[in-house]
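J.: Work the whole structure out from these sequences, hints included.
These protein sequence lines map, in sequence, to chains A and B. Here the first sequence is numbered in our numbering, starting from 40 and rising by one per residue. Here the second sequence is numbered in our numbering, starting from 114 and rising by one per residue.
Keep in mind the hints are simulated off the structure, nothing from the lab. From a predicted model like this one, the values you see are computed outputs, not experimental measurements. Misleading hints may appear alongside valid ones.
[What the hints assert, rightly or not] Quick list of in silico lysine-lysine cross-link-like pairs, BS3-like style, CA-CA up to 27 angstroms:
| # | chain 1 | residue 1 | chain 2 | residue 2 |
| --- | --- | --- | --- | --- |
| 1 | B | Lys404 | A | Lys297 |
| 2 | A | Lys351 | B | Lys360 |
| 3 | B | Lys347 | A | Lys320 |
| 4 | A | Lys297 | B | Lys133 |
| 5 | A | Lys320 | B | Lys158 |
| 6 | A | Lys247 | A | Lys297 |
| 7 | A | Lys297 | B | Lys360 |
| 8 | B | Lys158 | A | Lys351 |
| 9 | B | Lys203 | B | Lys133 |
[Said to hold, decoys possible] Covered stretches of chain B, going by a simulated chain A footprint (3 or more residues, C-beta under 8 angstroms):
| # | stretch |
| --- | --- |
| 10 | 168-178 |
| 11 | 413-422 |
| 12 | 445-455 |
In this text, a Cβ means the ideal position worked out from N, Cα and C, and glycines have one as well.
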Amino acid sequence: MKRDEFIQLYEAELPMYKAWADFVLIKIDSSILSHAGTKSAYLEWVKIPPSQRVKQVDSLVTKAFIRKRNKYKDPYKEITDKAGIRFVVLLTSQLELLCNIVEEATSWAYSKDKEFDEWKGDDPRLFDYQSVHYIVYAARDIEHKGVQIKEGTPCEVQLRTLLQHAYAELTHDTIYKGNIAASPEVHRTFAKSMALMETTDDLLCNAKILLENATADINAWKNAINTEAKKRLGDIQLIDDSKSADHLLNSISDLLQKTSTDEFLAFLEDPNYSYVSEKIKERQAGSVEFRHPFVLLMYFLAKRFRASLYRKWPLDLEPLEGVYSDLGLQPPWATT
Amino acid sequence: MTFTFDNLNFHRIILHNVYKPNDEGRVDPFPSRVLTQLAGTGLDKLQQRISSVLGNGSHSLQMDIAQDGAASCFHCATRLLTDDDASFIKNSVEIAELHTTAHTSKSWPGGTLVIIDGTAGAVNKRCLFIIKAEQQAGFVGKEESDKIVMDYLDNLILTPQAKLYKVGAFVEISRESVSNEIRNADDFEAYVFDSNIQAKDDRKAARYFYSGFLGLRIPENSEQRTRDFFEYTKNFINDSDLSTESKVDLQQALHTYLKTDQSNTVQTSSFADQFMEEELRDDYAAYMESKNFPTNAIVKDNSLIKRKLQHRKMNFSSSVKLTAPADTFEEMVQVIDVTDEHTTLRIQGKLTEQE
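T.: Encoded structure:
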């Protein structure tokens, strides 16, 4: 294909590549969101808004006819990164989910990017640019936002972590795309940075696992509290304030270790305490604590830890006076 | 099992003032002729006053009903439960009259009788509460433009200061005799809270309220209950995860609590508060509750455990036994060191006899 034919064809197909990049991005993005469940969980994964781009005509021509002119027999077909999208997550452990999403989608066929693998090198002793590159090809003719996308249209999908992204932003254009041969010292310094980043990522992945284990108990309590509050205090306008709940649960963590969510649920099911929800409703005009989902926990803890609760209690004691009274418990502190 | 005063719901409230006798003898009460209206925070506080002195962990006592005839407080109180409002007002005055009759000493203060009917417990048992609230003096501070004004009050009642009110409660456990003119005492449980009962030195002041006025008596099972307290607590300490040294200390504390403590009553929570680490108190309370031991107080009666309290005994895994006088145990036997295989004790005195 001659250069002017090449340009003509690409200019004609540019809207199709744009539409395909947009289609792929929306598909992956909505899969992540449905996997995460909530917007805030989604944001635990996706740290930079996903981006899409289509190669400019000039840049494509440069790549096909100047920079890598000896590489391609049929450059128009072989250059697969005409359209591209990028997702940036926090840690390598999260990349796996994104890989699954890309690999399990039915709208496209995928291949791992050969070009990327080539310059990645296969010497494991090298520390260099890392991220996951796929090429996804439209599995059939698809119409997206009024644009026809032909079967087989390629789009490059880059999946990176924040650290990889930072490294890539700095190095990619200068070392790999530029035609200037960087000095060994520059290469070595970048390799050192990448080694440090991989180590950092390892440590952070470990730290995240440790953190998740450490907060597993607290999260179990939070789930129990919120589920039960929804179930038992349905007609109360509950306050959604997870910060106060976190503060409370942290302050009383050593009491929680002496009991269990099962014991909490058993208390709520116990017919001897069936009046608790009714009492909470009667107290709606009073302290704000009675509109928090954790109010059920207040009743349970008062019953279970009559003597020691108030010493650990991080909030105002006055609402506890009402709780103790409802449960027929003598409060061991000086009451009002 | 003691009754739990949870899920309190007050129904009707009436107040009558009662006075101490003067030189001429009794002084008639000043009765209300209408019900007292109380709502919101005020009602909530009044319920808190009741639950904090009758509730789980409080110093209240379950009592036996001694007088249940036509002229008894029991009868006056229990008929209020089924009275309409007019009869409730009229008949509640009789309770004030009964109090005045029992009030024979000028050294006991007058006050306000607060008579309340309501329900308590998960299954809403009907209850009748009689509070005798003594008047206190105090001040009220008010912010006014550029100053805070202080006003003196000499008729405060029912502040959190529990020494200044007494409570009697009749709880309807069964309605078997509900059609009888005078209810059967078996249908009811009676509870009393009076800080005077705890103190050994003022038995008369206590007796006038629970006996002379309410017609109650100390339950006959006090000696069994005291023995139960001793046995259960001893077992709890032995089975706990505490160090040997802490166990020795706590067992000694149990002897002290029962033998030398000046209180007239025995109670899980007061023993825990005085001698146990805070972390242990709730576990101990749960253990005692699981043994059906009252969550409030009992009257102390050591007659069944007199001999047991005289000696401290120690048994070792190797079948070695040691006995020592309880009073001087701490000085006579010192725990020096404890391992899984050995216990090093230092015993005062020299070996005089052996068999």
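J.: Does each hint fit the structure? Answer for all of them.
T.: Each hint, compared with the structure:
Proximity of Lys404(B) to Lys297(A) is assessed by CA-CA distance (about 20 angstroms); at most 27 angstroms being required, the pair is judged to hold. A distance of roughly 26 angstroms separates the Cα atoms of Lys351(A) and Lys360(B); the hinted pair therefore holds under the 27 angstroms criterion. For the hint pairing Lys347(B) with Lys320(A), the CA-to-CA distance comes to about 43 angstroms; that exceeds 27 angstroms, so the pair is violated. Among the hinted pairs, Lys297(A) with Lys133(B) is inconsistent with the structure: their alpha-carbon atoms are about 52 angstroms apart, more than 27 angstroms.
Of the pairs offered as hints, the one joining Lys320(A) and Lys158(B) holds, with about 17 angstroms between alpha carbons and a cut-off of 27 angstroms not exceeded. Pair hint Lys247(A) plus Lys297(A) holds up; C-alpha atoms about 26 angstroms apart against a cutoff of 27 angstroms. Restraint check: the Cα-Cα separation between Lys297(A) and Lys360(B) comes to about 21 angstroms, which is no more than 27 angstroms; the hinted pair holds. A distance of roughly 24 angstroms separates the Cα atoms of Lys158(B) and Lys351(A); the hinted pair therefore holds under the 27 angstroms criterion.
A C-alpha spacing of about 22 angstroms is found between Lys203(B) and Lys133(B), which places the hinted pair at or below 27 angstroms, so the restraint holds. Only when three residues or more bring their CB closer than 8 angstroms to a CB of chain A does the claim for the stretch 168-178 of chain B stand; here the count is 4, and the claim holds. Beta-carbon proximity to chain A at under 8 angstroms applies to 0 residues in the stretch 413-422 of chain B; the threshold of 3 is not reached and the given coverage is violated. Under the rule that three or more residues need a Cβ within less than 8 angstroms of chain A, the assignment of the stretch 445-455 of chain B is violated, with 0 such residues.
Checked against the numbered hints above, the structure breaks hints 3, 4, 11 and 12 and satisfies the rest.
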